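Asker: Protein chains in written order, with the numbering used here: chain H, 4 to 425; chain R, 169 to 388.
Everything labelled a hint here was simulated from the structure, so no lab data went into it.
Treat the hints loosely; a few may be bogus.
For lysine-lysine, the following BS3-like pairs were computed, each having C-alpha atoms within a straight-line distance of at most 25 Å [unchecked claim]:
no., chain 1, residue 1, chain 2, residue 2
1, R, 353, R, 375
2, H, 74, R, 310
3, R, 321, R, 310
4, R, 375, H, 219
5, R, 321, H, 85
6, H, 277, H, 421
Note that this is a predicted model, so its numbers are computed, not measured.
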Amino acid sequence: MKTREIWGVEINAVSLKALLFNPTMIMAYLLLAVGLYGIWEVFGERYFLLTANAFDAGLHPGSSEVAEAMKDAVFGAGGEVKREQPWTLYIVNYMYMIYSGSAIIFFVALSEIFNVKLIQKTAAGFITFGLAMVLGGLFTIAVDLNILHMHWMFLTPNVTAGMWLMLPLYLIYIPFVLFEIYLLITNKHDWAKKVAYGILLLSIVIDLIEYYIQAKLFNMNTARHLWTTYPMLTLYFIVSAFVAAIAIMILYSYFTYQHKEGIDFQKLISFLRKSSLYVIALLAIYEATAYLFIDKQWGAIILFGQFKLYFYAYLFLAVGLPFALEFNEHANKFWIIIGAISVILGTYLGRYVFVYGGNAFPMNDRFGMGFEKYGEYEQAKEFIFFSPHASEIMVVIGSLGVVLAAYKLLDTLFSVSKIREH
Amino acid sequence: MNYAMALDYQSCIDCKACEVACKEENGVQLGADKQRIWVTRYESSVFGQPFSAFHPSQCNHCVDAPCVSVCPTNASHFTPEGLVMVTQDQCILCKGCMEACPYDARFVDDKAVAVDKCTFCYDTRISQGETTTACQATCPTKVRLLGDLDDEKSELVQLLKKRKFFVLKEREGTVPKLFYIYPEKDEIFARNSIGEHTTIHTWESYKPILDKAVAKRREA
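Whole structure, please, built from the sequences with the hints as guidance.
Answerer: Written out as structure tokens, the structure is:
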């Protein structure tokens, strides 16, 4: 393939057709189309929903639109964000994508420093995929926010707020990771190793701050006691992110390096399999002890209530099945791949149980007399159970398109998945 | 000034007049789960006798409000009068404040596409020089009393000096300013309507906590 060199970077001279209409990009477009339809639906409900307040009837007497909106306010579903369930699939996906993506970058930087040859050879591909996942997560959170007001992040910033603090961190982190990819694909391995220390340090700072801030926010929410009572929430986020990250690396390796020359695929998979076992064991230890500390009412609905199927499916898929499949040192790659897919699905389900389970009680126990209902207009419910809205699911599917498109564009242009000898 | 509110919750008859008045006064989005203030009902049985209590509530306008510190755009902020407010045009709907509020006092206003909460009728009444909120004015049993904690002669401070009271979730350290009047003359009602871990305060015991938190906030 012909290449052009700019600042030492070899750029593949591919046609626009090869760049934008290869099978992976077409798959990405399909996923993005589903995501865009989801955004259309979400924005329709968010910005164009008929809503009414008490002033409207006076300001627009006789308006049939106001009458319709008032009727919908009383008898309808109640707008985009339900008071009983403000945290939805967006936050599940955001946490999954960003945590797992940055965990991949962290793991690769660590391997670079410890001279793990197998990962050094494949580092650019892994890091690029990790970065693409971070972008997929940021896409989800961008859909969740009111983008029409985003400029206030810069006009009236509260720089001590956790969410604002993450902004400059990501503004440093993402270019830094891109710089590491640059060093890797230009074969500046000595520099890449030096920068890897920076990446590792930044990854530690970013991951810890990100995991800590998110854990702290969940922890503050005494209205949702499941989150408050989870012991060492930061640790849980780290461990589960690493479990997911290594499984994603296994699956990525299968699709990318299985038939590539210059790398012993079997050894790579075997190394990732061993790493996977360690973190799965850590997650198992956490889950085995965590429920001793969780609020008993909340624990009961997760372990024995309406969430039990999800919870046990999570444990089976993220811990039990992959551990059994990957424990054998001579495990067939087919079973390792099945184990990795199982972990990916299971850890996602784990995030789902965590977020949706936390929403499960209608209100908090402020008077110490048990969980309160919002009022007598509400139906009496012991706990509430929501399924994600179709448009949220579509946005999540769209985020997969973002990941695929971002990765494939970089790979087509810069061959990030090429095996590079150190 | 430091506005706060006392609630003689034993007098609440759950007529919902306050909820209606609030929606009417402040143009709150219609819908049962879109409320700035609400009354929750607690029911149980005491030695076979039915027991019920009503718990009226709203934003606690905490002195150390976690919703303000987590807001990335300063949309949630304090007014000089010690009220916690939301500038809806600045809200990016990150819902961090809803996550941080221990009282679940915030919700999303779908009309403004922003978070909404009780303002003690700041825009419609307090900033115009009035001294009552809509919920207080409409209450037939005089549950609520708004007042200035900095004014020792205010009706509110006088009441708090005279009666014991408690605040919600004190252990969260938010220093809330909704003071629930302890039903001293009805021990059975008190025992059955207040959580056993709740601290019952007097003005002397709560004032130092309040002063310390106010001083800390004003320094910041």
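Asker: Taking only the CA atoms, is the gap from residue 353 of chain R to residue 375 of chain R under or equal to 25 Å?
Answerer: 24 Å, holds
Asker: Against the 25 Å threshold, does the CA-CA distance of residue 321 of chain R and residue 310 of chain R hold or violate the hint?
Answerer: 20 Å, holds
Asker: Would you check the hint for residue 277 of chain H and residue 421 of chain H, treating anything up to 25 Å between C-alpha atoms as holding?
Answerer: Given that 25 Å is the threshold and the Cα spacing comes to 24 Å, the pair holds.
Asker: Given the proposed pairing of residue 321 of chain R with residue 85 of chain H, does the C-alpha separation stay at or below 25 Å?
Answerer: Violated, because 43 Å separates the two Cα atoms, which is more than 25 Å.
Asker: Between residue 74 of chain H and residue 310 of chain R, does the CA-CA distance stay at or below 25 Å?
Answerer: Given that 25 Å is the threshold and the Cα spacing comes to 32 Å, the pair is violated.
Asker: Would you mind confirming whether the straight-line C-alpha gap from residue 375 of chain R to residue 219 of chain H stays at or under 25 Å?
Answerer: Distance ~29 Å between residue 375 of chain R and residue 219 of chain H Cα, so the pair is violated.
This entry does not satisfy hints 2, 4, 5, going by the numbered hints stated previously.
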